[in-house]
Every structure is written in C-alpha cells, then in structure tokens.
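Chains as they are written, first to last, in the working numbering: chain G, 1 to 418; chain W, 1 to 324; chain Z, 1 to 291.
Derived by calculation from the structure, the hints in this document are not laboratory data.
Treat each hint with caution, since some may be false.
What the hints assert, rightly or not - Here are some chain Z residues the structure puts well away from chain W; computed CB gaps all over 10 Å:
(1) G29
(2) I34
(3) P35
(4) V59
(5) R110
(6) E208
(7) I226
(8) Q239
(9) I263
What the hints assert, rightly or not - To spell it out: a stretch of chain W is covered by chain G in this simulated footprint if at least three of its residues, at any positions, have a beta carbon under 8 Å from a beta carbon of chain G; those stretches are:
(10) 48-60
(11) 263-269
Here a beta-carbon is modelled for each residue, glycine too, at the ideal position from N, C-alpha and C.
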Amino acid sequence: MKVRLVELVAGYPGREVLAGVSLEFRPGELTAVVGPNGAGKTTLLRAISGALPPSAGAVYLDGKDLASLPPKQVARRLAMLEQRPQLGFDFTVRELVELGRLPHLPFPERLSRVDRQVVVEVLAEVGLEGLAERRFSTLSGGEKQRAFLALALAQRPQVLLLDEPTAHLDIGYQLELMQFVRARAEKGLVVVLAIHDLNLAAAFADRLVLLREGRVLATGSPAQVLTPDLVRRAFGVEAAVYRCPTTGRVYLHWLPRRPPTSKKEGRLVVVGGGGAAAEILAALSPRFQLVLGVVCPLDSDYQAAQALGVEVVVEAPFAPVSPRALRELERHLKASAGAVVAPTWFGPGNLAVLELVAEALPPERIFLISPELIRERDFTGGTAGQLVERLLAQGARVLTPGELSSSAPLGDLSSQGG
Amino acid sequence: MKRAGVFGLLGLVGAGVLVLALLLGPGRLPAGEVWRHLVHPQPGASGTTIVHGLRLPRAVSGFLVGAALALAGGVMQGLFRNPLASPYVLGVAGGAAAGAAGVIALGAAAWGIPLGAAAGAFLAVGLAWWLASPTRGELGLILVGVALGALFSSITGLILFFTAGDRRFQEILFWTMGGLWRTSGWEVGVLAGVTGVGAGLLWLWGRRLNALALGEEGARHLGLHPRRLRGFLVGVATLLTATAVAFCGTIGFVGLITPHLMRLLLGPDHRVLLPAAALAGGVFLLAADTLARIALPPLELPVGIVTGLFGVPFFLYLVRRRVR
Amino acid sequence: MRAAISVALVLTLGLLAVGFPVTVVDDRGREIVIPAPPQRVVVAGVALYAQILVDLGAVDLLVGVTSSPDNPPQVEGLPEVGPAFSPSLEAIVALSPDLVLGAWGEVRDRLEELGLVVLTVGQPGGWLTGIPDVLDAIRTVGRAVGRAREADALCGRISEEIVRLEAQLLSLPPVRVAFLYMSAPDSPPYVVGTGTPEHELILRAGGENVFADLSGYPQVSLEELILRDPEVIITDPAQVENVLGSQALAGVAAVKGGRVYGIPASQVVSTRVAEVLRQLAELLHPEAFAP
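Based on the sequences and whatever the hints tell you, model everything.
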C-alpha cells in the first residue's frame, strides 16, 4: 500500500493552502510532517484522507485515485486521528471503538463475532481493556486519546494518519504515543503524522517532510531536514542541531533570535577548547563569521561549532597542535578583523595557538574573555599566563561574557579586516 | 441487566396505563362492563361505542403519537448532537399550524386539514434544508429552521387576525391545542403504519446515527456521507412528526423529554435509545392523555397542557443537573 | 272501559308519532333523517338549542347539555358534557342520546362516525347570523323533536312582536349606533359590521350602524370610532365601564350624552330576541315609548 501525492493543490474557498505538493509515503515508514502554523500540515492530512477534495492534482492509494474511490472503501484502508476529535454524546469506550468497524460492515451494520474480536484486540493494543465499559467523559485526557486511537485502529487500516496527536498530552503520554505509532509503522503500516514538536519528530520518525507556505521545503531523514539553515528558513528561529550520543538521533536546541540584519559584520577567530568557547560562539555567531581553533573532534567546543555551523580548524585527538593546523589558523587570522580568546585550558599541546595569535594580530585587535581564568587554567608552567599579562599590557581588551551580546565593544572591528 | 430492567418497567407501566385508559373516562363504566364490551362488542350499545369507538382508538393513537414524537425527537437530538433538541426544531410545528390554519381559513373540508398541516410541515422543513444547504454542518440548519418556525408562526398569527370574530378563528385555535380524539379508523391505521415504518428504519440506521456524534469529519472518515445521512434522517423524523401533528395538533415536550431521559438511563447508543424512547414516549403521552380526560370531568384538557405541566418542571430539573 | 283507554293510548301515541320519520336539512344543506320521536336529546353546542327546547316545552327530552353561562335555568342539574367549543365525545356517548344538537366540526364528524344522529342549524359550520337563522333553528329543531306545532306558534309570536315593533319605529329617523366589544379601556375595539346578528338588531330597532361599510367583527382603531361619532354605543354589560372610562372617547356623542348601554351577546341570538329588540328600540328611541 503506497500513498502518492502528485502536484496536489488543495485549500478552502478563497484560500489555497497547498500549492503543489508531490510526495510518496511507503509502508513501514513513520513520516512526520512539520512546519509552522498555516504551512498546511492539517490540510495535507485531510487531503490524503479524502476529507478535503483537491482543487488540482491527485492523491493515489495503491495506484487508485482517491477521488474515484467510494468513502467506505477508503475508510477500510485509511484511518485518521484528528487533532481535536469530538464526541457529541457520552458513549462507552466499547461503543466508540465499535464505530471503527463501520467501514467493513454492509448495511445494516450488525457486528459479527469477528468484529467484536477486533474491538477486543484493539482495546488491548492501546491498553484500555479494563475501561471498555466506562463512559467517555470519565476518562483522562490520555485515555480519551487512546480511545480515539483505538477507534482508528479498529478500522484495521493500512494507512494511519494522525494530526497533532501529542498536542495536549503530558510528556509521558507523548512518548508512549510516539513509541506506539512507531511500532505500528515497523509492523508495515504507512504512518504519517503532523506534529509541532520538532524534537519528538526527529526522535521517532524515519522521514521528515518540512512544509512552508503550502510547499515542501525539504524531505529526508531528520538529520537531513533539521539543519539550522532550513529551520531558520521555515520557522524564522535560530537553532543549534546536536546529535544525541546515546540514540544517534538529532535534536534541536533554540538560540536567541538574531537581529534583523543577517549580514555579518566581519570575521573573527575564536580560540577555545574544553567547552570554554561554546557560549562565546553562540553569542557572536549571529553577527560575525567565526572560525574556531584549534580543537579536536572530541571537544565539546567542536560540537558547539558544528551545531552553529561555525568553521573549525581541527587537530587529531590527543595530538599536539601540528604545524599544518597552525598554518591554517594563521591564514584565518590574517583574514580576520580580530581574535577572541576564550578562558580555555592551555597546555604544552596548544600553547602554540596563543603564541600565534599574539604574533599575528596587533594587541588592540585581541579580546580576552575572563583572563583570570586563563591564568587558573594554565598548564604550561606559567608561560600562558605571562603571555596574557603581556598582551593586556600592550593593549588587548578584556570583555566580560555579558558584554559579548552587546554591540559596542566589538563595533570598531566591523570596519576592519574580513 | 439495566436495559432489560428499563424495558421491562416500561412495558409494565405501559400495560397498566393502557388498562387505566380503557377503564377511566366520563362515561363511568364499571370494569366488568368495560371488559365485556371489549371482548364482546355489541354494535349500537353505548358501552361498546365508548370502549371500541372512543377509548381504544384514542389509547392507540396516544401511544403511537407519543412514540412517533419521541422517535423524531431522539433523531433530532442525535443529528444535532444536542440533547435539548425537539422534533419541532426545524420549524415543523410552525409549518403545520400555518398549513392547517390556511386550510381552515379557506373553508376547506375537514379531511383537508391534516393534509394542509402535513404539507405545511414538509414545506417548512424542505425550505429550511434548501436555505441551509450552502452552509456546512448542522448549525446552519438549526438556525434556518428556528427562523422559519418563527416566520410560519407569524403567518398563522396573521391568519388568526384576519379570521378573528369568526368561527374559523375558534377552529384554528382549537386545532393548535391538539387532541388525540380526532383519529379513528383509517387515521389510526396511517399513524400505525408511519410510526412502524419510521421506527424500523431508524433502528436500522442506528449505528450510523451513532457515528454522527463524531462530527462531520469523523463520520466521513468512517466512510459515511454526512450530508446525505442527515437529509435521510431529517426526512424520516419529519414524516413522523408531520403525521403526528397533522392528525393531533402540536403536542409539546414528549419529543424532547423522553429521548433525553432514556439517554440518561440507557446511554446514547441509538439502537437501544430509540426503541426505548418510542416506548417511553407512547406510555408518557397515553398517561398524560388519560389524566387530561379524567382530571376535571367532563372537561377534557388539551393534552399539550398536561405534558407541559409535567414536562416543564422535569425539564428544568434536568437542565439544572446538567449545568452543575 | 279498558279497551277504550287502550284505544285512546294507541291513538295518542300514534298522533305523537305522526310525521315520523322526519327529514330536516342541517347547516351543511344535508338531509338528516330522524327515524322516531327523540326521547334522549343532548345539546352539544351553543345554549340556544337548550333555550329552544325549553320554550317548546320539550325540556324533559333533555338528558345532557353543554356547560354554558347562557343555559336557561330549567336545565340546571342536568349532566354536562363539557364546554360548547370542545365537548367530550365520551360524555355525550355515555348518555346514549338518540339526537345530538349543535355539534360542529370534527366533533360532529366523530359523532356521526359513531352512528349518532346529529343536527346543527344555521350557516355552514353552525354559525347563526340573525333573526331568520333563529326562526329557522326553532322550526327545524321543533320538527326534529316532534314539536312542529309549538315551534310554528313560537315563531309566529316572535315575528308578530317584531313586525309590531318595526311599525312603531317606521317614521322615526334612524339613530347612529355603534355596537362594539372593548376588553379594556382605551384598547382598540372589535366593532360589529354587516352579516352579524347585532347588525340586524340595530337595523330593526330603528338604528343606523355607523360601521355598516365593514363586515364581520373587525378590530378598528379608537380614532376611527371617534371619527364616526355614534350617538349610541351598545356593548356587553361588563364592558360598559371600559367605554365610559376611556379618556380617548370622552368627546364622542354617545359618551357625552351618557348613552352607552349593555346588552349581553348571548341574548342577541336567542329565543328572547324579540324582547331584546324591544329593549334596544326603547334605548334608541325613548321618545317613541314614553308613557
């Protein structure tokens, strides 16, 4: 069972929401549709379910045009869990779930033993077997959600659509639900879910579809779709993308908003390592083109730089900084307006970096962040500390971490270099 | 099983009320005589005329009209997902009254009045359906129905104004008060047929009506055509209501209270709710009518007054419970 | 001797039965056949029928009446079958009547369905619009209950009275009259137009109906009444105060002259119509009747 959308245009009277979408959904895959409000997530799901006829283009279920199939037939293969399902009367859970068998029953829709068995099974699958005779209004929010899920599952669909199913649930239920639908996808269903929570989507989905203004901005694996650039383009927010070491899945972390001008004010080299530069990178990367050096890939500052899309001068792990790396760093220094030295740990392996900076740039273009910490973190027997003192005496400036965010101190650099 | 209990109780009470309806009346027949006339009718004897010609058809009509109104009310409540809807919510009562008033004002024959009432009822609902069709969902339909009901009431008022001081005025008012004594013979047959067919159809459509509780989209996702379904159900409910009203005038509260009450007792599953409502509605109206007959002899109170007298306080009680 | 009595008895009964079965025409123009002299009559309509039976000396035939305030005192104590506009079918049937008078509409239909003989007179629907209808009612009902002679006599008396009265009034100029019903002071009244019994009374009593251009019982505005300025206003006795107490009508001739009188509507269509007519004539033309 494949679901294919071809050049789908759909919307409401006076308002086209989807402006030409072509997608394919395969069995065994959990696809998450993400995007800002108004992008068309719900509209997309409704078009796939048949509730919203397309203005142009078509939806194909297993090669057959959805518009040509009678609703009952569609309902046998496809089930949808709406964002806010309503129930006008206080049915029992069993009565509600029994409705899911309607598409499979010929008029006058009497339930056979098989149907009743399906209902029992489905209730067990969602964990509501003890609550079958309870009235709907007596259920908790999560239980209500599960009841509607059971209703959808009772249709024994091959395609399962869910519209923001986690929106009103607490984190426990959210995870439960995502695990559940993931398991369903693994069993061979086509599962498509619209969701706001990008991290939840990234954690569980095989594929992401990023929608913006009725068009597909990107599709692919979570790592492919959730890049800082795409996130900025779709949502207008700044994000850092990390990879969780234990699951291998990416996740986002939000950064403060950039100021309106996105033109960089200049290039800066940031000297860091060991985590001392992460905050500095985050504060400066909106305004300046940064280069971090010199760190190894195990360094957390390296990961922060990756997260922010900042260039890095890399050295092999556990090795002292090589001449090659120094030469690369020198090139960057010559092309920069200045350097910012983070309160990092200096040892014999990376002392050369500090020496290079002092040599390559005039002192007034060197900024030291919390230099007292550099003295504390000196593993070079005092050489680094002395170098810092010398730079300060020659006119290098000191910035507190707080001052990094305001524009004034570095303002005079923007006209130089780069 | 609670359901068996409720049905059993209704059956028992119903049988009791039926017995009372046959025994009691201004004619003052002793029980033995009633029984005698019932099983050995003697044409020409006043006792036989009373039992077979008056009390029996009236009791049967009362039960059938109560059942029909309760069924129609139950359907309306299910369709509009509102337990406070009544069979008259789409302007049926207004249309029927205007139709009957029109026929009376034009001086047509007595058999024309039920036809006029039925025509008015269907016209009102048809208009409401047509006017509301550009809107999606049921809210538009209710609003248009309410507006049309008011319009038809004004028309009836206008007719009353122009026939004031005339026997027709009395006749029209009289008709609107309602009465179960008007039906006999073929009229009871028509009532029975319509109510029976209506009840059967609605029972078969029970699960689909349940599905409408999921809303327009929810129902569509289960493979139903919500609009077509609504149209069909409105048609059946209107047929039931129009027939009842055409023969017996507008009797209020039966169609509102009995389905609501049965839903509270037995739950909203229409395959159980509607038969129970029909039974309860029939028994309720029969009891109300019997009371109307014997309360102030030889005066026969209009049955709508009795249903209102019992209906209103009960209704208010239900509303207060809900609002809490 | 015994034989003579028997013969006399048979002859009397025969005389009584003479003329039966009787066929009369009802308000619908239909022929109603009354097979034998009725012994158990129920009035299921307006009080006029009870009045007629009393005046024809046939009150002992009555076994049931509607509960109307206009019933003659002689029927007090008889079983009641409900109000005239909505009598109880069962109560009527329970009295085993062989003739039912005055039923109309669906009540009549049902009674006929149940096999009873129903007689209603007047305009179609049972409405009585004037003196000719009353006389016709007396005659028809009289024939139906086997009192044709008495009925003719009564009609003759009434007609004579009326003719005598009209002769007295012949040369007198008509007085401008408005006959109306006003439920509260200053509320728009329902006035009497043509085609009504009240209108006929006015004409025969030597009056002129200021609303003769209207028909039936239309509701008019107070201004209209003021405009037409009647010399005499007739209304229901209970409503005389409403007219006198109306601020708006203070300037009307009838009110200024204190000539606002009450005549019960029930007497307008009754066997007492000749007396009512005289009463009205005396009010309109006091000078013609001064001793």
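Cross-check of the supplied hints:
1. G29: Holds: least Cβ distance 14 Å, greater than 10 Å.
2. I34: I34/Z clear of chain W: closest Cβ-Cβ about 17 Å, beyond 10 Å.
3. P35: At roughly 13 Å from the nearest Cβ of chain W, P35/Z sits farther out than 10 Å, so the non-interface label holds.
4. V59: 20 Å, holds
5. R110: Violated: least Cβ distance 7 Å, not greater than 10 Å.
6. E208: 21 Å, holds
7. I226: 21 Å, holds
8. Q239: Consistent with the label, Q239/Z stays out of reach of chain W, its closest Cβ about 15 Å off (over 10 Å).
9. I263: 17 Å, holds
10. 48-60: With 0 residues close enough to chain G, the hint is violated.
11. 263-269: Result for this restraint: holds, n = 4.
Checked against the numbered hints listed earlier, the structure breaks hints 5, 10; every other hint is satisfied.
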